[in-house]
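Asker: Below are the chains, spelled out letter by letter.
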Amino acid sequence: MTFRVAVVGTGAFAREHVLALRSLPGVAVTHVAGSDLRRADALAALAGGAAATTDIHAAIDRDDVDAVDVVNATPDHHRWTVAAGEAGKHVHVDKPAALTVSDFDEMVEATEGRGVTLMVGQTVRFQPVITELQQALARGEIGDPKLLHVSWYTGHVWPNGWRGWQLDVSRSGGHPVHNGTHSIDLAVWLTGSTPVEVFARNFPTFAAEMPMPDSFQVQVRFESGALATLELCYALRQPGEFLRRIVLVGTEGTLAHSTDCDPGLSSPGHPVAPPSIENALSLQLGHWVRAAQGLEPFIVTTTQARVALATAVAAQRSLETGQPVRISHDQPKARLTGVAA
Amino acid sequence: MTAPLRVSFASGVRHALPYLQLLGRDPRVKIVGVAEHDDCPDWMIADSRRTAAEAGVPWLGDIAHALNAQAVDLVVVCSEPTRHAQLALEAFENGIDVLVDKPVATTLADADAIAAAARRTGRVCAVINRTHAPGLRRARAWVDAGHLGLPRHIDVEFLASGAHFTTSVERPELVIDPALSGGGELLNFLGYCVDSIRYLTGIETTSVYAMAGALFDNGHARFGVEDTAVVSLGLEHGVTATVTVGRVPFAPGLGPTSTSIRLLGSHGHASIDDDRPAVTRYGREPIVASHAVGGVGSGAALAGFFTDLVDALVAGRTPDYGIADARASISVIDAAYRAIASGAVTVPR
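In order, the protein sequences belong to chains A and B.
Just so you know, we're using the working numbering here: the first sequence kicks off at 25 and counts up by one.
Just so you know, we're using the working numbering here: the second sequence kicks off at 1260 and counts up by one.
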């Protein structure tokens, strides 16, 4: 049976999602819905047979849609995820899932609370090297994870990467929420524990007057006692350049990977992803389709996604206050989970 | 000063053997011997005596023989860290130059006392450091050449391998019992990281936050000291630094310790790894083995510093790393411990 998906969003990442979904067997993109009909048309044409529309509600409500992939700007995630859940559709929502934990709680209530599913698109978990790390961890190869160090540096320009809403902290959540959710979720997943304290600093490599500096670091203490240093820099000189080093220390061993060690293409003007991270979006969406149909358990749970979001929000608060922030995860309806220490 | 440089060791319980071996290879150096306080615990006297025997140098007996200005030009303080300041002060008062093992002192007050005594007596106070690590020197040349542009961020990871604990640490208590060590692995290792940051940038730390814990089973928890820490440093001019230090079961390197540094600049970035470049051998057990080009980083760093130290003392100049540098690192360590105790961002004193 075909799994019929309506894509909400018409930006650069929505395009990537349409391309990935159309490559999956048993999946049909039935609608591409967004505020700009011309862009929706262009994306629908990629899927062959999909309808383009600006009436997002109507697309979501249709009986011939099984699931909705919400992949537009973060401020709209809550609205369309809730609408899709209320229409009885499974939902995949791009990261960060929401700007606040209370918004996310409402999204979970609107989906899982009604018997459908919600998955946050934590793409990093589906990168081949991360899958390998997690599997080694699950096999007990390093015992209990206790120390994580992630250095993650990349060129700072990509299609539609820095439009107005991304630069506006009130609409993107700030850099720890907007992009930091990737590494914070990774830390939550690999340590298998809940952050209880964060401290963050940032710096602008370029454009110091802008409100969202291109680079930042988050240090984390977990409930298990584990510690993490997470650095993110989106300001390497060369667009597309990517350097990521991960060291995960356990009680019985250490796992490490650096993209420095990847074989790859070196061709000026033609950056490609290192093999260790390639094809992650297709793997992610393929998993979502199977999990939403009950064929396999979700790799990204809403419980984990909530923890990662609360931590990212707390990291942004640490940036704003200049102080460490203790994180409370036990107030499902709390508007703000970060409390300045 | 004319060669040979006469060098004694005041105590030999910590790090003395590799220092004796390295200094002893320098033809400009004459090792006078190793001595220990008469009133030390028996194990300290026995350990110091054994170190002298293993190095094939004279056992001098009481510490006074190592601090005799008529027979000694430089004394190397290799006691447990909590005795560093006392021994250094005794040497200065006797008119002898001093090389102190790291950490130079276990409190900021002791570091200040050493600095003041060195100043007052006009003696050299050098301190063990790793700023001569080949990778660090190479990166500094890139910075000085302008290849990285303006400094923005430095990330330093220094991890010691518990797998080497029994061979790289003479007695576990020397790094886990505060009565001997003065603290945990922050005190032991953070100084190397701060040294690297200062060496690469010339920029001082203005604010510190740290989280620490006894995460592994090395005995640190029993003595209430940390084996691992993550540290956030705010530097002058808006530059930031992150530090990850610890004694972990298996460090991601080839030897007892691993050092990995990343430097982000406005116009480029650089990385340093003490274990790279390396040559990998495929063969019989171990099936895969790697060897860092030029040897493991810690040995090369130490050898480089000792060469500079002897060069300097023989030439009558000041070595390129001294108590002022070590004091700067101790002030950051002190701030990190205060941040851990208070749960708030601290300012180095």
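Among these hints, one or two may not hold up.
Short derived list, chain A residues pointing at chain B, Cβ under 10 Å [said to hold, decoys possible]:
1) 240
2) 254
3) 277
4) 314
5) 317
Here are some, though not all, of the chain A residues that point toward chain B, as calculated from beta-carbon distances under 7 Å [said to hold, decoys possible]:
6) 170
7) 220
8) 223
9) 241
10) 251
11) 280
12) 281
13) 283
14) 352
15) 353
These aren't lab readings, by the way, just hints derived from the structure by calculation.
Just so we're clear, the structure is a prediction, and the values are computed from it rather than from any experiment.
Each residue gets a CB set at the ideal place from its N, CA and C atoms; glycine is no exception.
Asker: Check each numbered hint from earlier against the structure, then list the numbers of those it violates in ascending order.
Answerer: 4, 5, 7, 12, 13, 14 and 15
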